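There are 2 protein chains.
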Amino acid sequence: MSAPVESPAESTFLRACRGEPVPHTPVWFMRQAGRSLPEYRAVREGVGMLESCRRPDLVTEITLQPVRRHGVDAAIFFSDIVVPLLATGIDLDIVPGVGPVVAEPIRTAADVDRLRPLDPSDVSYVTEAVGNLVRELGPTPLIGFAGAPFTLASYLVEGGPSRNHLRTKALMLSEPSTWHALCARLAAITTEFLRVQVRAGASAIQLFDSWAGALSEADYRRYVLPHSTAVLAALAETGVPKIHFGVGTGELLGAMDDAGADVVGVDWRVPLDVAAGRVGPRTALQGNLDPAVLFAGDAVLEQEVARVLREGKAAAGHVFNLGHGVLPETDPDVLTRVVELVHAGSAR
Amino acid sequence: MSAPVESPAESTFLRACRGEPVPHTPVWFMRQAGRSLPEYRAVREGVGMLESCRRPDLVTEITLQPVRRHGVDAAIFFSDIVVPLLATGIDLDIVPGVGPVVAEPIRTAADVDRLRPLDPSDVSYVTEAVGNLVRELGPTPLIGFAGAPFTLASYLVEGGPSRNHLRTKALMLSEPSTWHALCARLAAITTEFLRVQVRAGASAIQLFDSWAGALSEADYRRYVLPHSTAVLAALAETGVPKIHFGVGTGELLGAMDDAGADVVGVDWRVPLDVAAGRVGPRTALQGNLDPAVLFAGDAVLEQEVARVLREGKAAAGHVFNLGHGVLPETDPDVLTRVVELVHAGSAR
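Heads up: the sequence lines are chains A and B, in that order.
In this text, residue positions in the first sequence follow numbering that gives the first Met the number 0: the first is 0, and each later residue adds one.
In this text, residue positions in the second sequence follow numbering that gives the first Met the number 0: the first is 0, and each later residue adds one.
Excised from the complex, chain A in its bound form (with noise of 0.2 Å):
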């Protein structure tokens, strides 16, 4: 196929995400460093998740392993969403089976007050992290990886995961200067948390808005879309390409292009042809295989991946990728299956 490529820079998947020609499709995986792998069941075996996003080997080894397995064609930085938050001296855990808890919700300007800046310092261990692995994967780009303000303000509010986000939204419409002072502080960490990424040598930033799409458009451009675009244009300028994901937003796919992505992620309900028409002529798109797909037998995941191909030439630029995150469930094996199919069905 290609010649091999020397630095992230160069690389097919950077290439993509700036539009410009690829010799294949680039592929990576949303949460393809966790549980699906045994081998990630086995180095995590015993440790807390927040304990393993705070060890500089273990993030490392997890960053790794879906790339050595699956020749993914970029690596995303193994943490989780309120690792940042917790770095700023917030009380929260992750309660297996439920998810982040956060011991002291946040519902009051009083509240807000109590949250302070990210310090560098404060995640010492996520720049050694992000040394090791640019050591490590050489060419391979790393991804750096944060929860965007509205999502990060879904938990602090709610004291954990919601359906409805009912308390959160309710303070967003009651309380508009409370709320834009929270998402103002959770930007601001957000934007710290991505600039060490970048700082420490990863080739791109992928910004989750993991529940904006429980939003209508018009209360998205109003009550996020301000927040989201601080953090954006804030990494504007380190120069690295901004991925914007988030599920079900396919009412938001215009708002999160505006946010100044320059890659928006799509979920499966929005094929990327229709997706392209909902984005600046500009703008790269990430997704859209059905994570389900994966459960159903290798004709119809040929089926899906080559019609995943075909759609996303309508896109400035393809990133292969689920419309989700790797379900736990998931046979690894289908995963190297997957980038086998996008590499062979894409190469020019």
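Don't read these hints as lab results, they were simulated from the structure.
No experiment lies behind these values; they were computed from the predicted model shown.
Some hints here could point you the wrong way.
Said to hold, decoys possible - Output of the computed footprint for chain A on chain B, the stretches with three or more beta carbons under 8 Å from beta carbons of chain A:
no., segment
1, 166-175
2, 241-253
3, 263-275
4, 290-304
Every residue gets a Cβ at the ideal spot worked out from N, C-alpha and C, and that includes glycine.
Since chain A is already given, all that's left is putting chain B on it; use the hints.
Relative to the frame of chain A, chain B by itself:
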């Protein structure tokens, strides 16, 4: 305002469903009969969910409670989407805090063969309750209720509620003939369950495809639309308006209309004036107030009700509703306030 109507057929609700002029926009709430009401919790004390659905006295009382309290323009028959499955002999229970749990999930062609049709005599308690209700309600219309084939299939295949519908999608994609056989049987059961309600006097029906929003439009059209179409076509013979709703279905509104809906339900993610452009010119719309707005105080509530009414004018007919079911934490007085705001804000 308007002269009192003497039969459901002349009611504002049925007029709006048919796209006829109305003296004011009619309003009802999905899950209006249920956990938000203290009088509901009182009559349910010590009575299991499925038992309550099979006791005509309780069904009648629970269905009437929100009509008495809020002055809504329609009653929704109190039931659960698994009731017709239970009535055909499927071993299932509703576990508090979990939802419906199916003892033996359906995952093979042999399992599908176990499903038998619904006979009206299996649900004589429904016939009795609807008869009681029609007498008690007088000119207020009663909406019949059933789950759509896809949502029922997901419960049966997964064995209970599911976030990712993984086994359901895997079956659908990898064994389409088993899938279609399953959905054809479920469509027949759903059709009969709705027919029983209409024969006993229900003035309209709502087909709930709670989880259709988990599918892409292509998969919806291929694997689900034929079966929901079969249900709605069979009901068309009865002449009652047919409402078709699922949450997170922005991409599917056109397809759900194509299934044969007279009214398409819209959640809060798609404004009604936008939704009007996604359905046929004669299709009425129902929705789309975010249930979270009921927690944001009266000023926000007034603004949002006014916005929904304004945007709803773009539709062939508008039935005011929430974009999803009433949340259990909702203050019933706020629901009553919404009814007042809708009636006052739309009086012609």
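Against the structure, the hints come out as follows:
1. 166-175: Contact hint for the segment 166-175 of chain B vs chain A: holds, 5 residues under 8 Å.
2. 241-253: holds (count 3)
3. 263-275: With 4 residues closer than 8 Å to chain A, the segment 263-275 of chain B meets the three-residue bar; holds.
4. 290-304: It holds: at least three residues are needed, and the segment 290-304 of chain B offers 7 whose Cβ sits within less than 8 Å of chain A.
Of the numbered hints stated above, none is contradicted by the structure.
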